[in-house]
Every structure is written in C-alpha cells, then in structure tokens.
Amino acid sequence: MMSDLVRDDGRKFDELRPIKIEAGVLERADGSAYLEVGGNKILVAVYGPRESYIRRLLEPNTGVIRCRYNMAPFSVDDRKRPGPDRRSSEISKITADALRPALMLENYPRSMIDIYIEVIEAEGGTRCAGITAASVALVDAGVPMKDIVVGCAAGKVYDEIVLDLSEKEDKEGQADVPIAMMPRTGEITLLQSDGNLTEEEFAKAVDLAMEGCRKVNEIQKEALMRKYSIE
Amino acid sequence: MIHVENKDLVIPGQILADDEYYSGRGTFKENGKVCSSLLGRVSLRNKKIRVIPLKSKYVPKKGDVVIGKIKDVRFSMWDVDINSPYSGILPAFEVFGREKKELNRVFDVGDVLFLRVVEVDEIKKAKLGLKGRGMGKFKGGIIVDIAPTKVPRLIGKKGSMINMIKDKTKCKIVVGQNGLVWVKGNEDMEQLTREIIHLIEAEAHTSGLTNKIKNKLYLTIDGELPPEEIEEVEEEFVLEKPKLQNFKEELEEEERQEEERQEEEKKEKKEKPDIGEVIEEFKRKNKSKDGSLSYGDNSNNSFILNNK
Chain A
0 MMSDLVRDDG RKFDELRPIK IEAGVLERAD GSAYLEVGGN KILVAVYGPR
50 ESYIRRLLEP NTGVIRCRYN MAPFSVDDRK RPGPDRRSSE ISKITADALR
100 PALMLENYPR SMIDIYIEVI EAEGGTRCAG ITAASVALVD AGVPMKDIVV
150 GCAAGKVYDE IVLDLSEKED KEGQADVPIA MMPRTGEITL LQSDGNLTEE
200 EFAKAVDLAM EGCRKVNEIQ KEALMRKYSI E
Chain B
0 MIHVENKDLV IPGQILADDE YYSGRGTFKE NGKVCSSLLG RVSLRNKKIR
50 VIPLKSKYVP KKGDVVIGKI KDVRFSMWDV DINSPYSGIL PAFEVFGREK
100 KELNRVFDVG DVLFLRVVEV DEIKKAKLGL KGRGMGKFKG GIIVDIAPTK
150 VPRLIGKKGS MINMIKDKTK CKIVVGQNGL VWVKGNEDME QLTREIIHLI
200 EAEAHTSGLT NKIKNKLYLT IDGELPPEEI EEVEEEFVLE KPKLQNFKEE
250 LEEEERQEEE RQEEEKKEKK EKPDIGEVIE EFKRKNKSKD GSLSYGDNSN
300 NSFILNNK
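Protein chains in written order, with numbering that gives the first Met the number 0: chain A, 0 to 230; chain B, 0 to 307.
Take the hints with a grain of salt, since some may be wrong.
As the list claims (entries may be wrong) - Quick look at which bits of chain A chain B covers, simulated, 3 or more residues with Cβ under 8 Å: (1) 48-57; (2) 133-140; (3) 217-228.
Claimed, not checked - Derived contacts from chain B toward chain A, CB cut-off under 8 Å, selection only: (4) L38; (5) P84; (6) I122.
Source of the hints: derived by calculation from the structure; they are not laboratory data. Quick reminder that beta carbons are idealized off the backbone N, C-alpha and C, glycines included.
Just chain A, same shape as in the assembly:
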C-alpha cells in the first residue's frame, strides 16, 4: 500500500526517525536526559522540587513548574542569535503546559521545578523531542507523575500524511501537527496545527501522531529501565 512508498530520506510514511534516549546524564542536576532523534540533539536538566525563590510564582497548595527552551547559536545552519526570542518563549510555555497535567505536586506545596531544555542541534521537531526528553528527565529527578508525557508530530507533505517530519519536510510540507500525550490514558496534553488540512486529514494526522507517541514512549521506558535496572 501507500506505506511502501518512501519519503525523501527513505522512510516509510509511518516511520519514525531513529531515536536514542539516555537518562541521568548530568551529575549536578536532580534529573536529566539526553535525546537524539534524526539530526536533533537535545539535553534536558531538571532541578527541583526546590524552594521557590520567586515569591509571586509559588502556589500554596501545589508545586509549580517553569520551563526554558533554548536553542544553541550553533544548533542551526545559520547562526541563531542567542537569547530568548518569540519562538522559544512560545515553546517554553507550551512545553510547561504539556507536562503540567502529568505532574502530581500536591505533596510539594510552595515548591518549584525548573526544566531547562537545551537544543544542541536542531533538525525539525524539536518541540516534541523537547517534551519527550523533559518528561524522561522529570522521572529521573524522582518527581511524582501520573504518566510519562511523550511528544510526536505528524504532517502533510506532498499530499501525504506522514509521521515525524524532518526539517526539510517541515519547510516544504503543507502542514505540521505536533501533539503530546499521556500514553496510558491517551489524554492529549498538547495539540498544535500549522498549515492547511481537511477534517479527515487532520484526524488521520492525529491518529498517526498518537501511534508515533506510543512507539517513542517504549523507547523512553526502555531508557529509564536501562539506567536503573540491576546490572
């Protein structure tokens, strides 16, 4: 069928890029994760729960999370001006929002968790990869969670609905639908859509992305198990 046809980089339409996750890579952070998917290289550090040093942020009945997504100047082909910009502030916000439903911070009132997502190399789909890596780092930090959040994108390229867009496909394609979900219950915590899709195409893209999420989730689990199981 159609999944026998191949894309630009030789993948099938429903095939993920090769993905590698490693948990607990940083010594000084409470939790950390390193993720490679296709040409992306992402490092996430989690600090906390710790005493909230920003008074106005703290909540009396629960903990809060803060997220910072940052792209290294050398992460893209043309040098990126360092520092936060409009895009990275948006991704910081949506990442925090995507992770928040999974966290159970009732036992840590008035505390704060900081998540730092550093994109060392970017090649399309960094926001999903960032969410995937951030939740592994949160688990590594020992933060109580309902489920491991996982992100994955689907999109439309040359009139075909495909999974896990690369940078080239993202630029040339017609639409991009990144989602984040909690695989156990199937709850979606992030849903964005960029481009033009019909209703059917959109439904198909979401289904495909959810399927991709489940596959990535297996790799997340495996990464955590590998790090902490008895040798």
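Fit chain B to the given chain A structure using the hints.
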C-alpha cells in the same frame, strides 16, 4: 490481579495491579487500577503496594533528626538549609531559653548542626530544635550527601551496617534523615567512609550488601578478608522509616516524655475554664437574677436598632 513482583523496577504511569490491591505511598488509583507515580522499586505487603523511590527530596516530618547548615542569622532565629525544598528555622529560644544572647556568637553562617524537627507547619516550614542527645554543632569532619530514601539501608537492621562501618573505620558517623551524613575521623578513613557510603547508596537494592561491604572494608583496611563466621540469615531488604543508630532509644524516650509533658500541659489548660464559657456562665447568672438581658448580648442590641 497483579502485574509486578516485589522489588521490581517501575516507572510512573505503569499499571501495577487491579482493584483488589491497596494503593500505598508512591502509587495512585485510577479507573480501578493501581498505578505507580514514581521511578522506584515495588514493595508488596499484604495486598498493599508501595513504590519506594530511587530519588527523592526530603520533606520535613515532625520528630525527624536532620543535619542542617546555617544559611542566615536573623534577629531571633537562624535560617537553616536542611537539604529539602523547604527551609528550616531554628528559633533562638530553642537554644537559649529565655536568655538573650548574640546569635552569631553561638552559631554563625556555614555552621553544620545536628537538629530535630520540632514542628512542621502547613506551609511545610520546619521548626527545628536542639533537644536531644548529641544534638548541636559539628566540629570538623565531612558531609556526605545521599538520597533520603537510602538512609534506612545505610543504617541497616538495628544499625548493623552503620555500626560495622563505625567499628572498622574508627570514624564518628551521624546520619540525618534528610540524607546528609556527617563523618569524622582519620582523613584517609573519612574518604574511605565516603566511598563506602556512596557504594551503599548505589547498590541499596541488592541483597547481601552488608556482607559485601564488610568484605570490602576488611580488604581495604586489613588487607585480608574477615574471619569466616557462621553464616547469618541475610536480612530482608526493606526500605522503611529510618531506624536510627544507638541514640535512637534515648531520643524516643525523650520524645515520649516530651509528649507526656505536652499532654499534661493540655490537661492543665483544660482545667482553666475557657473565656467563652465564662461569658456564657455570666449571662446565664444575670438572666436568672432579674430576667433582663445583660450587656454583650447580640439579640438585645439588634432589637434596639430595629426600634430606631
């Protein structure tokens, strides 16, 4: 039905068992399934499932003994860092009683203290005290940092592990329930003890650890293995509320006395009548005397207002 075994490594969101099991710490129930909320190991006992986390932050609890570092000296208290998301305070009266002294002459910023959590308020701020044996400032030594969940393993059953290390390295060791360990002794021995403690932390889940550590200690210090002993029954690996070292009984005794004292105080208070009751009594008496309502009665006041 249960999907995991005792001591299995689980991750958040993993389904552990069906409805007939009880969900303990580190787990939650959703749609009739018991799920893990932490990365840790399963502890199964009488249909109750708990997950013991591999990493965690210390949350202060009343009665715990902790090691803290003075962060700031204020007018009538010290701010103490107790290796937790929540800071501790050591009020001056816990140290001096009624006396007034200069605070920074007694403890200054950077001093490391052995303390007891006297009270934890609703925002989880820990009030600390120094009542108890061995409590106070540490002089010299090093601090080793481990995960608070690994503290019981470091102490071992009835202090077997920690006492063995103490005997062999001739170091003074004090373990705080917040995951800080103070070690003082010969400089080389301090370093060895640090290594040993980190080894215990890393291998807390393996069985036969006490013997393994024993062999390592003998090998490093004496250069030979310990004399063969009659094989002891290996203790079961249970991560529970930390059992404290030799001073534990004394501390508990003190705590019990403290509680008794508090209860007595409460009783005394009860004997003194409540101010509200006094007023009620007063009203009742006045009423019975002349039938008129006394001052302070709300219904009377409102009556006057209505008439106006």
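Stated coverage of the segment 133-140 of chain A by chain B [criterion: 3+ residues, CB within 8 Å]: holds (count 3)
Within 8 Å of chain B (C-beta), three or more residues of the segment 48-57 of chain A: holds (count 3)
Three residues minimum, CB to CB under 8 Å: does the segment 217-228 of chain A make the cut for coverage by chain B? Let me know. holds (count 5)
For the hint on P84 (chain B), just tell me whether its beta-carbon gets within less than 8 Å of chain A. Since chain A brings a Cβ to about 4 Å from P84 (chain B), closer than 8 Å, the hint holds.
Would you settle whether the hint for I122 (chain B) is holds or violated, based on the nearest Cβ-Cβ distance to chain A being less than 8 Å? Since chain A brings a Cβ to about 6 Å from I122 (chain B), closer than 8 Å, the hint holds.
Can L38 (chain B) be said to touch chain A, with a Cβ gap under 8 Å? 5 Å, holds
In summary, the structure agrees with every hint in the numbered list given earlier.
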